[in-house]
Amino acid sequence: MARHWRAGAAGLTVLGLALTGCVGAKVGDTAAGAKNADGSCGTFNLAVNPWVGYQADAAVVAYVAQHDLGCKVTKKNLKEEIAWQGFGTGEVDAVLENWGHDDLKKKYITDQKTAVSAGQTGNKGVIGWWVPPWLAKAHPDITDWRNLNKYAANFRTSESGGKGQLLDGDPSYVTNDAALVTNLKLNYKVVYAGSETALIQAYRNAEKNKQWLIGYFYEPQWFMTEVPLVKVDLPAYTPGCDADAAKIACDYPVYGLDKIVSARFARSGSPAYQLVKNFHWTNEDQNLVAKYIAVDKMSDEAAAKKWVDANRDKVEAWLK
Amino acid sequence: MAAVADTSGPVATWRQKVTRPMAVGAILVAWLVLFAVLRGRQTLTLAAADLTSLHRWLNDVNDTVGAGRDSNPLFLYFFNEIRLAIDHLVTFVQSLISQPTAGRPVPQIGWLGVVGIAGYLSWAVGNWRVALLAVAGFTFFGLQGLWQESMDTLALTLSAVLVALLIGIPLGVWAGLSDRCNKIMTPFLDFMQTMPTFVYLAPLTLVFLIGGASAVITTVIYAAPPAIRITAHAIRSVPATTVEAADSLGTTRRQQLLKVLLPLSQRTVVMGVNQTIMAALAMVTIAALIDAPGLGKTVVQALQSLDVGTAFNAGLAIVVMAIVLDRVTTAAAGRADTARRTGGALVRWRRPLLAAGGIGTAFLVYVSHTYVYAAEFPGDGTAGTHIASWADTATTWLQDHLSGLTNAVRDVITYGLLNPFQTLLTDSPWWLVGLTLVALGAVLGGRRAAVTAAVCVGLLVGTGLWSDGMTTLASTAVATVLVMLLGAVFGVWMGRSALVDRLVRPTLDAAQVMPPFVYLVPFLALFGATRFTAIVAAVVYAAPVAIKIIADGVRNVPESTVEATTSVGCTTWQIITKVQLPVARGALTLATNQGLIYVLSMVVVGGLVGAGALGYDVVAGFSQGQLYGKGLAAGLAIVLLGVMFDRITQAAARRTRA
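As given, the protein sequences belong to chains X and G, one line each in that order. Using our numbering, the letters of the first sequence map in sequence onto residues 1 to 320. Using our numbering, the letters of the second sequence map in sequence onto residues 1 to 658.
Don't read these hints as lab results, they were simulated from the structure. Bear in mind that the values here come from a model prediction, so they are computed numbers and not experimental data. One should not assume that every hint holds.
Unchecked claim - Quick list of simulated restraints, FRET-style, between CB atoms:
(1) X/T43 / G/A246: 54 to 60 Å
(2) G/V500 / X/K208: 56 to 62 Å
(3) G/I184 / X/G90: 35 to 41 Å
(4) G/D50 / X/A263: 53 to 59 Å
(5) X/K297 / G/G25: 54 to 60 Å
(6) G/I167 / X/A263: 34 to 40 Å
(7) X/G90 / G/L38: 41 to 47 Å
(8) G/N72 / X/T43: 25 to 31 Å
(9) G/P420 / X/N147: 52 to 58 Å
(10) X/D233 / G/T396: 33 to 39 Å
(11) X/H139 / G/P420: 29 to 35 Å
(12) G/A36 / X/D233: 43 to 49 Å
For glycine and all other residues, C-beta sits at the position ideal for the given N, C-alpha and C.
Chain G with its partners taken away, still in its complex shape (with noise of 0.2 Å):
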C-alpha cells in the first residue's frame, strides 16, 4: 500500500488522503456517539415464544406440503423416484461391508476384505505409505469395537460422496465454462453451504422418507458444493494460452474438454473430492438425528447420558476416517500430477505388482466372505474401552483442576468484550446498526460490497429476527477475533518452521472433523451454559483453517525477502511483523473470511451450549412445530449474516491484492 501512495504523490485527492483504517474509524466513532444518544430505541426485539407472521406463513406451508405428501404427482412420481434409487445404492453399498444380508448373519465383505482392500486401492491410487496408513486406521475401527459402525459410516459416506460427485462434476464444469451459469450458481452454493441442516432435516424426511436416502441427500446438499466449486476453479485455471493452442488445431469443444481442460485440472479436481469426503464426514452425527446407522448414531447417544469416553471413542474414528480419506485422496492427487510428468522406470513394474496386489486383494475378500474369522472382526474392542476410560479420566481432571482458571477467562471475556460490543449492537436503533454495517462495506470492500449489506441489511429485519441476529453477531465477531489471533500466532509459527508444522497439523486436522458433540459436554462443564462455551466451541472448529491459510501464507512469502531483511540486521519479531505479515496480507484476509464462516456454521451447536439467539431459535424450530417457520428465518439469517460477511472480505481481499 505504502508504494500506491508514493506513486499517487502530490496530485493526491482527499479521497487518496483520507486512508481506510481513518475511515473505519470515523464510522465506529459516529456509531458510538449516536448509540449514546439513541440507545434502547427502534431494537426489533422478539421474545423467545413469539411469532411474526411470516413464521406463522412459513408453518403453513410447511403443513401443506406434508398434507399433500401422498396425492401430490410431484411426490409420486419425482421424489419417490430419486428416493427409490438413492435408497438401493445404500443398501447395496451397506450389504456390501456393514450390514447382514441375504440370510447371512454378516455383510458379503468382512473386516479382512475391506482392510485388503483399502490397502490396494489407496496403493493404487497414492502410494504405499498412505496404503499402510490405510490398513492402519481400519484395523484401528475393529480394535476400538467399532467396526460394524465404522462400516455404516464409510457406507454412507462413500454413498453420499458418489452422488456428489455425479451431480457436482459436471455441473462445476459446466460453472467453469460458462460465467453466468456460474454466477447464477454462486448463490446457490453459498446457500447450501451456510444454511443449519436442523432448518431442512424435518421437511427433508418428509419428501424422501426417514432412512439411507434422506441422511445421503442431507449429506449430499452440503458436500456437493466444494466439488461443484472446485471443479469449476479447476477448469478456470487451464491457462488460457493451451485453450488457444488446442482451438488452433481444430479441435471441437467436446474434444477440448475431453483431451485438454479435465486432463490438466485432474489434479485439482481430486482437491473437490477431497473435500467433498470431508463435508461428508462432517455430516455424520447431524445425519444420526434422522436415524442414519453408524458412528455419528454412537455419538449422538453417548451424549444423552453425558458419557464422554463413548463419545470420544466414536468421534475418534470418524477423525481416523477423516485422515486416512484425506490423506489418500491428497497422495492421488499428487500422483495425478507426478504420473503425467514423469511415466518412466517405475511404470514398467507397477503393472505386475498392481495384477499381483489385485488378486491378493480379491482373494483376502473371498476369504473374508467365507470364514468367520475374516468376517467379523476378532476381540471385543477392549482398545475401545481402555480409550474411553482414559477420556472419562482426562475430562474428570481437567474439570476438576482448571473450571477456576476457565471460569476467570470467560468472565474477563464476557464482561469486558462480549457484553458491551453486544449491547451496543442489541441496543442501538437497528437502522444505525445497518448504517454503519452498509458504510463499512462501503469503505472496506466498495460499492457492490455495499449494495450487498444492505440488501442483507433488509432481508435481516424481514425475517422477524434482527435482536436475536444481532446477539449472534456479537458472539460470532468476538470468536472470530479469537480465530485470528491463534491463526496468527501458530500460523506464523508454522509458517517459519517445519517441525512446528509437522507436529500441530495433525492436532489441527483432528479439531476440525472431531464432531463438536464430543467435546461439547466437558465445554459445558469448564464454562458452563454460557454465549462463552459457544464461543469456545466455534473457535476450536474455526481456528485450524485460519492457522492452514496464514502458515500457508507465510511460507510462501519469497526466501529472497525475508533473507534480505535479515541481512540488514532486522530481529525476528520485526521480520514477522514488518515482512511477512504484511507481505502475507491477502492470506490474512482469506484467513477471516474462511474463519466468520465456519465460526457462522457452529451458530447452532452454539445454540445447544448457551448461546441463545439464532443458534438456539433454529435448534427450538427443529424440536418444536409450531416454532418450525420461525427456525427456518433464523437459518435465513444465519445465511444473510454469512453472505454479507463473505462478500465484504472478499471484495476487501481483492483490493488489498490490487
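Looking at chain X on its own, in the form it has when it is part of the complex (with noise of 0.2 Å):
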C-alpha cells in the first residue's frame, strides 16, 4: 500500500516539475540592458548624502550620466564625513551639495590633498531661525529677533526649564545657537531635537495644532513647499562677524553651496566629471525636484526623468 502510494506521489511530482520546467521565457532571452555608450565613462560613484535636496541633485545628475554620457553610476548613500572619507580611498568621485564643511575642506583639501572644489551648484543655503507660518501671521512682529523676548513664555515646553525654547536639529549642521541665545540676551534655552525628521515633524505639528514654535532651520528644504516657514531676522551677517565662535551676535551667512571631487576624478578626463563640474541650476529647481521625490512619492529616477525632460536647455548648457 505504501509503496503504491509512494509511486503515484513521485509520478505525480515528476509529471509536475516536467510542465514547470518546460514552459516560460528564458532568462536573458530579451537581452536587456548591457549596451554601455562608448565606455568612455565608466563608473561613476556618485555620494548621497542623507537629506532630499541632495538626493533631487544625486537623481538629476546621475540620470543625466546614464543617458546622455553612458556612464555606470553607483550611487552611494552616506554621511558627509563618510563620503569624504571615500575620495582618499577611491570609492566617491563626487559630493554634489556641501554646506560649509571648513574643517572637512582644511583637512581633505588642504591637508591631504584627496579632494578639490568643483565649484558652486547655484543654490543657496540659507540657515536660521524659522517660526511656521500662522505664527508670522498672527503675531508680524515676532519676525523681529528684539520682540523675542517678549514671547519667551509662550515658547516654554517640558524640555526648556522655564525658558523659551529653541528648537536645534540636525547634529550634521555648523549651530551657534548656544552664543546667540547668550549673546543676544535672549531668555531661551536651545533643545536638540536631534534630527532632521525630529524638527520637521516638530514644524508640522506646531502648525496644524497651532503650536508655539521657533527652530533651527534651512532652505532649499522640500519640506518648505508643504509649510512655507517664516524666518526670523537676527542682526545682519557682516563679514567676520561670525569670526570668534563664542562671541557671535549676528546672523548666519548665505552659504554658496558647492561641488566637491576627489582629485583623482579630476584629473582622471571622465566626461562625469565634466558634467559635475557644470552642473549649476536654482533653489527654485530643487524644491521642485525635492518635492516630487518627498511629498508625491516619485522614484528618483522618474523624478529625475520629469524634470530633464521640462528642463532639456538646462541640462544641454551641462553637457558642453
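Build the complex from these two chains, which are given one at a time in their own frames, with help from the hints.
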C-alpha cells in the first residue's frame, strides 16, 4: 500500500516538475541592458548625503550621466564625513551639495589633497531661525529678534526649564545658537531635537495644532513646499562677525553650496567630471525635484526624468 | 529572605538587623539632605559645542590613523586582506540570491528557488510547521514588492552570521573551557555589545572601506558576543559527572571536546546561533548608514521624507524575516534535543523524504535560474502599497486623536518624575552622586560591585561628560521603571495564562525587531521632540525582554506551591503578590538587568528625537568631524553606565538567590 502511494506521489511530482520546467520565457532571452555607450565614462561613484535636496541633485546628475553620457552610476548613501573619507580611498568620486564644512575642506583639500572643489551648484543655503506661518501671521512682529524675549514664555516646553525653547535640529550642520542666545541676551534655552526628521515633525505639528515653536532650520528644503516657514531676522551678517565662535551675535551667512570631487576624478578626464563641474541650478529647481521625491513619492529616476524632460536647455548647458 | 532571618535568630548582629531596604533608604535620605545644602556646586557641566583635551586628543588619533591609511603596513597587509576575504564572501552570496551577476540581469537563484530552499532547509533542520512559515514569510517579501531588498538583507545577514559563528563558536568553546579566558573576554564582550555603533561606524569605513565588508564587520562586532557567551555557557553547563565519566574512560582532551562537550551542548549552541541572527538583524538599519544595501536603506530613505508607510512596509519585512529565522532556529534546537532522545520510527521515513525534497528543491533552483517567471517575483508589490497606505492612515488617525492625551501623559511624567530626578542628579556635586552610587553598589551588590561602581564613576568623570551622563542616567532610570512596571503586569498575566502568552508573544517579538527608525516619526508626532519620546522608544524596545523573562519566572513557580496557597483560600491578588512574584524574584532581578541594558542601547536613538545628552553627543560626533572625539567619549560613558549597572544588578541577583 505504502509503496503504491509513494510511487504515485513520485509520478505526480515528476509530471509537475516536467511541466513547470518547460514553460515560460528564459532569463536573458530579451537581451536587456548591456549596451554601454562608448565606454569612455566607465563607473561614476556618486555619494548621496542623507537629505532630500541632495537626493534631488544626485537623481538628476545620475540620470544625465547615465542617459546622455553612458556612465555606469553607482550611488552610495553616506553621511558627509564618511563620503569625504571616500575621496582618499577612491570609493567616492563626487559630493554634489556641500554646506560649508570648513573643517572637512581643511582636512581633505588642504592637508590630505585628496579632494578638490568643483565650483558652486547655484543653490543658496540659508540657515537661521524660523517660525511656523500661522505664528508669523498672528504675531507679525515675532520675525524681529528684538521681540523674541517678549514671547519667551509662550515658547516654554517640558524640556526648556522655564525659559523659551529654541529647537535645534540636525547635528550635521554647524550651529552657533547657544552663543547667539547668550550674546543676544535672549531668555531661551537651546534644546537639541537631534535629527532633521524630528525638526520637520515638530514644525508640522506646530502648524497643524497652532502651537508655538521657534527653531533652527534651513533652505533649500522640500518641507518648505508643504509648510512655508517664516524666517526670523537676526542682526544682519557682516563678513567677520562670526570670527570668534564664542562672541557671535549675528545671523548665519548665506552659504553658496558647492561641489567637491576627488582629486583623482578631476584628473581622470571622465565626461562625468565635466558634468559635475558644469552642474548648476536654482533653489526652485531643486525644491521642485525634491517635491517630486518627498511629497509626490516618485522614484529618483522618475523625478529626474520629469525634470530633465522639462528643462532640456539647462541640461544641454551642463553637457558642453 | 524570611527564612534566613529566622535561622539567624537571637544571635543577630546589627548587620543583620539593618535590612537592605533600610540601608538603601538611609543612603537616599543622606543624598537628598546633602543635595539641598550643596545644590549647583561642582556639577561638571560642559556645553554642547565645548570640548575637553581628551576629546581633542581622540580627534588627533582619528586623523593620524586616517592619514596613515595608504602607507601603514598594518593596513596594507592585514586589514586589506580581511576586507578582501569578506568582500568576496558577501559578493558571492549576493550574486546567488540578490544582485545581478555575470551578464545576467538577475541573480543566479530566483525567487522560486530561494523560497524552495528556505522551505526545504526549515523542514530538514526543524519541522513542517516552520517550513510552511518560512515559505509563507519569503513569499510575503515578494508580495510586499521588496524581494530584492529582502534578499540583500538576507545575504548580508547570512554572511555576517557565518563570520560571527566562525569566530564566535571557537572563542566560546575556549571561554567555556578556561576560566581565565572567560574573565578576560567578558569586558570585551560587554564593550562590543554596549558601545554605540555610531561611534565606530566612521573609523570602520576608513579601515575596511565603504561596502559589503564594512557592513558585515559592523554587524559581526554586535552579533558575535551572544554566540560567544552562549557557547561558553553551554560548555559550562555540561554536568561535571559526565565529563568525569569520560575522563575515567581515558579520553583525550580533543575526544572529550568533540564526543562529549559539543554534542551535549548542541541545543544551547543553536540558541546562540538564534541570538546571533537576531542581533545581526538589529543592525540592518544602522549598516544602511554606510551604504549597506537592503531593507535598512529603504527605511532610512523613507525617513528623510517622513514617509511612515514605506518605512513601515520595509520594517515589517525585517520583522517577518526575524520571526521566520527565529522560529526555524528554535525548532532546530528542539530537534537537536529530540533527535538525541528518540531516534525511532521516523528515521526510516526521513531519509527518502529528505532525498526527494532535495531533488525537488534542486529542480526549483534550476527553474528559477533559467526562467524569468521563477527568477523575478511576479506582480508589482501591490500588497506593499496597501500596507504602506494603511500604516499612513493609522498613524495619521493616531496623531489626530491621541495627541492631547499623549501630551498630558508626557507632562505628568516629565514634570512629576523626570525633571525632579534629573535635577537631583545633575545639580548635585559629582562626588556626592558618585558616593551614592558606590554606596548603593555596596549595599545591593557587595564589595566587588562597590569597587566596580567606584572605577566606573572615576572613568565617567574622566570622559568629561559627567553632566550629560547624569542627564542620560535620569531618563534611563525612568525608562527602566516603566519597563519594569509593564514587565510585571504583562509578565504575570502571560505567566499565568498560556493563552495570553500565545496572543501577546508575536507582538513582543515584533516590537523587539522592528527598527526603531520606523516608529520614531509617529512618536515624534505624539510626544514632540522631547526626552519623553526617547523614553517611550526605549520602553517599546526594552519592555518585551523584561516581560518575557518575568513570564518565564512566573511560569516556573512550582505548581504545588500555587496550589497549596489556593487551597488555603488566598485571593488571586494574594497569590501573585505573596507567592508568585516573591518566588520569581530571581527572574525579576534578571529582568531589571536586561531591561536596563536594553534601555541603554537605545540612548543613541533617543538622541535623534530630543533626548539630548550622551545620545546627542554620539550622533553629533558621527556627523561632525570636530566633535568626533566627544562622540567617542560619550560612547565610552554609555558603556561605563552599562557596565556599572550590569555588575550591581548581577551581584544583587546572586545575593537574592543565595
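Against the structure, the hints:
no.: 1; hint: X/T43 / G/A246: 54 to 60 Å; result: 59 Å, holds
no.: 2; hint: G/V500 / X/K208: 56 to 62 Å; result: 38 Å, violated
no.: 3; hint: G/I184 / X/G90: 35 to 41 Å; result: 38 Å, holds
no.: 4; hint: G/D50 / X/A263: 53 to 59 Å; result: 34 Å, violated
no.: 5; hint: X/K297 / G/G25: 54 to 60 Å; result: 57 Å, holds
no.: 6; hint: G/I167 / X/A263: 34 to 40 Å; result: 37 Å, holds
no.: 7; hint: X/G90 / G/L38: 41 to 47 Å; result: 57 Å, violated
no.: 8; hint: G/N72 / X/T43: 25 to 31 Å; result: 27 Å, holds
no.: 9; hint: G/P420 / X/N147: 52 to 58 Å; result: 33 Å, violated
no.: 10; hint: X/D233 / G/T396: 33 to 39 Å; result: 35 Å, holds
no.: 11; hint: X/H139 / G/P420: 29 to 35 Å; result: 33 Å, holds
no.: 12; hint: G/A36 / X/D233: 43 to 49 Å; result: 44 Å, holds
In terms of the numbered hints stated before, the structure departs from hints 2, 4, 7 and 9, listed from lowest to highest.
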